[in-house]
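A.B. asks: One letter stands for each residue in the lines below.
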Amino acid sequence: MTTATATPPTTAPRPAARTTSSSALQQSLTLAWRNVVKIRHQPEALMDVSLQPIIFTVLFVFVFGGAIAGDWHDYLTYLVPGILVQTLMFATGGIGVALNNDITKGVFDRFRSLPIARSAPLVGAVLADVVRYATSIVVLFAFVTALGFRTTEGLPAAVLAVLVGIAFAMCLSWLFVWIGLVVRSAGAVQGIGFLAMFPLVFGSSALVAVDTLPGWLQAFTRNNPVTHLIDTIRGLLLGGPVAGPLAWTAGWAALLLVVFVPLAMRAYRRRV
Amino acid sequence: MENTIEATGLELSYGETRALAGVDLSAPAGTVLGVLGPNGAGKTTAVRVLATLLRADSGTARICGHDVATEPDRVRGLIGLTGQYASVDEDLTGRQNLVMIGRLLGLSRPEAHARATELLGQFSLTDAGGRSAKTYSGGMRRRLDLAASLVNRPRVLFLDEPTTGLDPRSRNEVWDTVRGLVDDGTTVLLTTQYLEEADELADDIVVFDEGSVVARGTSDELKARTGAQTLTVRPRDRADLPRVLAVLQQVSGAVPTTDARGTSSVPVPNEAVLGAVFDRLTGQGIAVSELAVRLPSLDDVFFALTGHGAEDETPTDSRQEALA
Ligand SMILES: Nc1ncnc2c1ncn2[C@@H]1O[C@H](COP(=O)(O)OP(=O)(O)OP(=O)(O)O)[C@@H](O)[C@H]1O
Ligand SMILES: [Mg+2]
Chain Y
1 MTTATATPPT TAPRPAARTT SSSALQQSLT LAWRNVVKIR HQPEALMDVS
51 LQPIIFTVLF VFVFGGAIAG DWHDYLTYLV PGILVQTLMF ATGGIGVALN
101 NDITKGVFDR FRSLPIARSA PLVGAVLADV VRYATSIVVL FAFVTALGFR
151 TTEGLPAAVL AVLVGIAFAM CLSWLFVWIG LVVRSAGAVQ GIGFLAMFPL
201 VFGSSALVAV DTLPGWLQAF TRNNPVTHLI DTIRGLLLGG PVAGPLAWTA
251 GWAALLLVVF VPLAMRAYRR RV
Chain A
1001 MENTIEATGL ELSYGETRAL AGVDLSAPAG TVLGVLGPNG AGKTTAVRVL
1051 ATLLRADSGT ARICGHDVAT EPDRVRGLIG LTGQYASVDE DLTGRQNLVM
1101 IGRLLGLSRP EAHARATELL GQFSLTDAGG RSAKTYSGGM RRRLDLAASL
1151 VNRPRVLFLD EPTTGLDPRS RNEVWDTVRG LVDDGTTVLL TTQYLEEADE
1201 LADDIVVFDE GSVVARGTSD ELKARTGAQT LTVRPRDRAD LPRVLAVLQQ
1251 VSGAVPTTDA RGTSSVPVPN EAVLGAVFDR LTGQGIAVSE LAVRLPSLDD
1301 VFFALTGHGA EDETPTDSRQ EALA
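Residue numbers (my numbering), protein chains in the order written: chain Y, 1 to 272; chain A, 1001 to 1324.
Here chain Y stands alone, though its shape is the one from the complex (with noise of 0.2 Å):
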């Protein structure tokens, strides 16, 4: 220090607003809550979660039902984890196009040059359709009770179900996170998402009993995670194994977490 430098011409900088730095998890929760926000500005974004449901119990109760297996009543209580599982599953892909929109929008560019954890925006996306879960959830037992649905397991054991399907969505999700960030249209990741649900969906035992397939079938159907989730929660619902299956979709979901979260990951991190 010889001489006194000419001063810049600055007054100190002010302090950040605040220094701590939330955690993740608030942030997630956070984005999170802007999703819900978004949700009840606009309550028609629930439609198809709250008409699937009914839709679904309707065409297979009434339509196939008298087919399949004589009477409908009896085939509404088969046929009921399984049309819960169909909605949480056509539920999931909602996300992809949630997040497509909001990149191609300039939102996550905003995001981005936050000091905030890279996961925190799909964490916040993925949790916010818990409320989409719930919505279809609710009002598919509304309708299946006022049909004469009961379940015959207990009220903890329905409860216990619920959360399964959720949790297991919850994982799921993170494959239409990923087909979100990697496709680059809205409308293509709806296709796409449609093209991976269908065989999944329907090639379980949510429509018929497994035993009834032809033998090339059955081996698919037996070894779909979705079949495992569904009865899962039938074990659940109306008695039966639960503990296998349990296992199962435990494995598929945890599969799930470690493949597609690192996929989507990257692929935020890439998509400019």
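You may find that some hints are simply not true.
In silico lysine to aspartate or glutamate, DMTMM-like type, Cα no more than 20 Å apart, as pairs [as the list claims (entries may be wrong)]:
no., chain 1, residue 1, chain 2, residue 2
1, A, 1134, Y, 109
2, Y, 38, Y, 102
3, A, 1223, A, 1300
4, A, 1223, A, 1199
5, A, 1223, A, 1200
6, Y, 105, A, 1090
7, A, 1134, Y, 102
8, A, 1134, A, 1090
9, Y, 38, Y, 48
10, A, 1134, Y, 44
11, A, 1223, A, 1299
12, Y, 38, A, 1090
13, A, 1223, A, 1204
14, A, 1223, A, 1196
15, A, 1223, A, 1240
Hints are computed from structural coordinates only; laboratory data are not their basis.
Position chain A with the ligands against the provided structure of chain Y, taking the given hints into account.
C.D. replies: Frame of chain Y, contents of chain A with the ligands only:
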């Protein structure tokens, strides 16, 4: 003392398109760096690299001494960004947009609301704060976007064409806001198509063209580079135009040009010629409605440097024509 914004040799290509071809930028603390350039010059790309949204293929950039590529989180904690296209969430209200960002930055709920109220007031959005941003006009949206980039009181602010689409009053408000921030020590990098804006706000200006810096300096330095001043005359009676042109040519020795309104201009070395022109015109009994000598505008400079105007949509085409 290190510059607050310091970039050297930034290069970035989108496939075949060379968006940045070795760009150097620097801005000392508390100054405004204006980045001028025609469409496609690489301004937005440079801003996105500096704001950690894009990674340069080569070169380095530091914000307050932190490398944007290796310490992006440190950099994000220091910067605010208003992108070229408003990045507000249209389904949220103005207030919710600001509260969300405050919460993401770790403010408590009451703190985030207080900051939102403050910013809504500062940007004349108090009344609209409760409305969904979808219902905002273009200018309101841009103001909200600007407010959103200030929630964390950034030390470095990137503004990518912040006043495009704003009416003159809103533009002046944005300029005042920028001046206020700079007075408080914020360093601002601002891209613009409006030469007047760079003239008003920027301490230093760099001119981009096709991914490279083609000129840099203060507004006055850049104007001085084109040298000559311009003398303009408009005769009251258009019939006098030929005689006016003759006078201009005699005095300046250069060939004058005339625009559609009948205003003739000619480059002159200094304002001393004004007297001579005036004497000759009055001597011949020519009445004029306009007679002036002006410094070159940044428009002139821009044209001289890039070979095409600031609003020129197809820079490459005009260049090819010039070569052909
Ligand atoms: N995502 C992208 N993919 C491919 N090319 C791109 C992409 N973004 C920009 N470019 C190209 O890179 C060049 C620089 O673009 P950039 O957006 O940085 O220009 P700009 O100076 O901001 O222009 P403007 O004044 O129109 O905003 C242009 O030729 C543009 O076509
Ligand atoms: Mg641009």
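A.B. asks: Compare the structure with the hints numbered earlier in the document and write down the numbers of the violated ones, lowest to highest.
C.D. replies: 15
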